Amino acid sequence: MAEYILEMNHIVKEFSGVRALDDVNFKVKKGEIMAICGENGAGKSTLMNVLSGVYPHGTYSGDIVYKGEVCSFKSIRDSEKKGIVIIHQELALSPYLSVAENIFLGNERKKNGIIDWGETQREAHALLQRVGMGGENVNVPVNTLGVGKQQLIEIAKALGKKADLLILDEPTAALNDRESKQLLDLILQLKEQGMTCIIISHKLNEISYVADSITIIRDGHTIETLQKGDDDFTEERIIKGMVGRELTNRYPKRENCPIGDTIFEIKNWNVYHPDDSNRQMLKDINIHVRAGEVVGLAGLMGAGRTELAMSIFGHSYGQKISGDVYINGKKVKINTVQDAIHQKLAYVSEDRKTYGLILIDSIKFNMTIAALRKFFSKKGVVDQQSEAVKVEEFRHLINVKTNTVDQAVGSLSGGNQQKVVLAKWMLTQPDVLILDEPTRGIDVGAKYEIYTVINELARSGKAVIIISSEMPEIIGTCDRTYVLNEGEIAGELSGDEITQEAIMGVIMAHNRKGEL
Amino acid sequence: MENSNVKTLAPKKVNVSLKQYGMVLALIAVYLIFAAITGGKNLAPMAVNNIIMQNGYVIILAVGMLLCVLTGNVDLGIGSVVATCGAVAGTLIVDYGVSSPVAMLSALVVGAMFGAFAGFFVSKLEIPPFIVTLATMLMGRGICYVILQAQTKGPLPADYTWVSTGFLPTVKVGADAAGKGGVDLICLAVAAVIAVLVVLGDMRSVAQSKKNGLPVPYTWQIVLKDVLIIGVESFFFYKLGCYNGIPIMLVLVAIVVAIYHFITTQTVAGRQIYAMGGNAKAARLSGINTKKVFFWVYANMGLLCGLAGIVLSARNASATPKAGDGLEMDAIASCYIGGAATSGGVGTVVGAVVGAFIMGVLNIGMSLAGFDTNVQKIVKGAVLLGAVTVDLLSKRKKS
Chain A
14 MAEYILEMNH IVKEFSGVRA LDDVNFKVKK GEIMAICGEN GAGKSTLMNV LSGVYPHGTY
74 SGDIVYKGEV CSFKSIRDSE KKGIVIIHQE LALSPYLSVA ENIFLGNERK KNGIIDWGET
134 QREAHALLQR VGMGGENVNV PVNTLGVGKQ QLIEIAKALG KKADLLILDE PTAALNDRES
194 KQLLDLILQL KEQGMTCIII SHKLNEISYV ADSITIIRDG HTIETLQKGD DDFTEERIIK
254 GMVGRELTNR YPKRENCPIG DTIFEIKNWN VYHPDDSNRQ MLKDINIHVR AGEVVGLAGL
314 MGAGRTELAM SIFGHSYGQK ISGDVYINGK KVKINTVQDA IHQKLAYVSE DRKTYGLILI
374 DSIKFNMTIA ALRKFFSKKG VVDQQSEAVK VEEFRHLINV KTNTVDQAVG SLSGGNQQKV
434 VLAKWMLTQP DVLILDEPTR GIDVGAKYEI YTVINELARS GKAVIIISSE MPEIIGTCDR
494 TYVLNEGEIA GELSGDEITQ EAIMGVIMAH NRKGEL
Chain B
2 MENSNVKTLA PKKVNVSLKQ YGMVLALIAV YLIFAAITGG KNLAPMAVNN IIMQNGYVII
62 LAVGMLLCVL TGNVDLGIGS VVATCGAVAG TLIVDYGVSS PVAMLSALVV GAMFGAFAGF
122 FVSKLEIPPF IVTLATMLMG RGICYVILQA QTKGPLPADY TWVSTGFLPT VKVGADAAGK
182 GGVDLICLAV AAVIAVLVVL GDMRSVAQSK KNGLPVPYTW QIVLKDVLII GVESFFFYKL
242 GCYNGIPIML VLVAIVVAIY HFITTQTVAG RQIYAMGGNA KAARLSGINT KKVFFWVYAN
302 MGLLCGLAGI VLSARNASAT PKAGDGLEMD AIASCYIGGA ATSGGVGTVV GAVVGAFIMG
362 VLNIGMSLAG FDTNVQKIVK GAVLLGAVTV DLLSKRKKS
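Residue numbers (my numbering), protein chains in the order written: chain A, 14 to 529; chain B, 2 to 400.
Errors might be hidden in some of the hints.
A few chain A residues facing chain B, derived, Cβ under 8 Å [claimed, not checked]:
no. : residue
1   : Val-153
2   : Thr-157
3   : Thr-367
4   : Asp-374
Hints in this document: simulated from the structure, not taken from any laboratory.
Computed from a predicted structure; not experimentally measured.
Positions of the beta carbon are idealized from the N, C-alpha and C atoms, including for glycine.
Start from the sequences, fold in the hints, and give me the full structure.
Following this line, the structure appears as structure tokens:
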């Protein structure tokens, strides 16, 4: 019988009367990888904050037993001293400091208070080797490296703190498939060396791949713990535990949705990198979308999908843009975002917190900000009543869970935030919607609701373009998909042709063509 | 799919947002504290009158500064620009015999040009506003000294100083034989009209919300709020009525505040400033021309500096090269005391005005109490720090 390195017993954490965690219990065996699953708002992050001392001992009730002793961490430093290290979803690296400086940030190698650069570099190099980055120069600033490598540096940093228990919060959220695989394999490798890991992720296929056990949390309660070998580890099984019901179909069917004429077309679209006028990012792109049609833009990260969408949307990306845009058969000029809105084009960004929402402002403010001039004002004066009425209508229509539309969007869960962004663009009454990663980082229930909204949009005759890195999402929602690779349209698939294998096949074939 | 997502219906009653009224309470508290310290000297009609007369230009500048603060920045150059605008008007009148209206117009144009200059660098060339306005601060002061040749220009004629020293006509009742005492009926009428407007305004918005099925605030909270507002404004106008009636300065300030309150709360342009301050990238992708917003915010600040320059030189009846020194700090402090956030996107015109009033009440109270000017600075600094600390801590507690 393996010993338990960590036991969380009857953890209760309240925020001004609301129980975020209500009697949470689970045990982690030494040297295993435990996944914690739950919908957004289920309490996963709160739980990890309790464990790592972000919420100090005394602000919650219950016991944390680590390596056989009851712990009362006052701060994150206390938990780190014991070897519990948490890597948050948002990377905590200082962009202009070097790799080595970042690895030992707050944990500097020093002699008599003076930094020992020799040892810093030597140890940094050794740690990088452990995470498979042995060839990397430890003296370059981290912002010159990709997100995938930065995530590995975070792990190296944790190893530098002599972690015995590593907590990873959504470690692959910003990574592409290849980088994710690399990271997961590294975690498996660390396990071989005796590391215990707790991983939080929405990507259930990844969890099935690495986890030895899965603890499921719903509404602040621990529902169950599944063990590898004893229990079923399929995505359907995990989802059932998370949402408390069988979700037989993750993608709602789109019925009675006739496809009409082409209403949106891009011809010979060429775009160059915003900082480097010689670097062509998009090459001779031709795409079209019909009314009532949902079209995907599939491809690996860095294929140029977001760049394509943003360059179309009022030249928000790139320079030396050439090519034509046709809406409803008419050639239109879209040089600014204002033009794009005027031409009934909408773009829902992949990064809702940076590009989609004004987090400190209310749901109402955010919902109407793009449509304000056109639909909610007369001679520059806002019509507050018609605004309030419309916002209430949309709140119910897309089911934003809130008591009042005056609540700041920053306090909503990811799924509800995404609904607000969607509503914001629906309120501009567009004919063409480009949705960039519309369900990134949100839970399955909210995903389903967003797919339902997408179906509704298509049924009302809109043209919808979906950019997604999750191939099942493209397969589940699109009538047709373009596959982008290295800034070019590598192929086009429609209907039943759209499968994971087919998409990858198109990318591989395109890559080979490039090598010849 | 089964629906676990219960549709939460809008509650019929909501709480009145207390934040702004908290500031008003702070204003009353400061006022009463000094009433105690000075033995009621600051309750005298003249002292109340001076709150407006001595702080009118700070209020005007605080309103303009609020827009800069909403974008997440400040304008450091306003003290110098105010002095330069006053210098232009003063020199034109004294040295060139230009009429007062033309001189005033010139001051406004010069202010707007300064603002457009800063706005150009800030928006078109994307130079950080801190640096651009640090430059206009230095350049403005220099230009002011050059124009005035380091001398004071004066005296300025009565039709110029009227904006800062004049009063509306009065209809006094209850005065004794020597014409002393008594109350101006016009002041009382204005107080009554404001009271009626406040009540009617609330009734109208409640009625509209009810009609559209939107939540309405608790009635007792509305009543309490109105009693507070009407109490403060009635006291204020009663005291003015006991003095010389309504100052022209008050009319001017009221017009400026009303215009900018309207712009920030009721117009698309106002929303765009808030959106840009809250998240410039998201604002841009929502179809807001952020450069244009930036330019107009700074150009507008310049225009208001022109107005403040007129008011300040009119009050002094002369243009002096040292005028307006440190005014930028008073304006910035007013915004922050009034609840604006340094990161941008948060703040109101009314808040900034209340902030400016707190500064004004402090100034006058301390003068009347005979505080040393150096001690006054210490107190003002402490109040700024204290107000912002309380504000931020209470917000942190809530979240």
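Right, here's what the structure says about each hint:
1. Val-153: Nearest chain B Cβ about 27 Å off; hint violated.
2. Thr-157: violated, 22 Å
3. Thr-367: holds, 6 Å
4. Asp-374: Hint on Asp-374(A): holds, closest Cβ of chain B at ~5 Å, below 8 Å.
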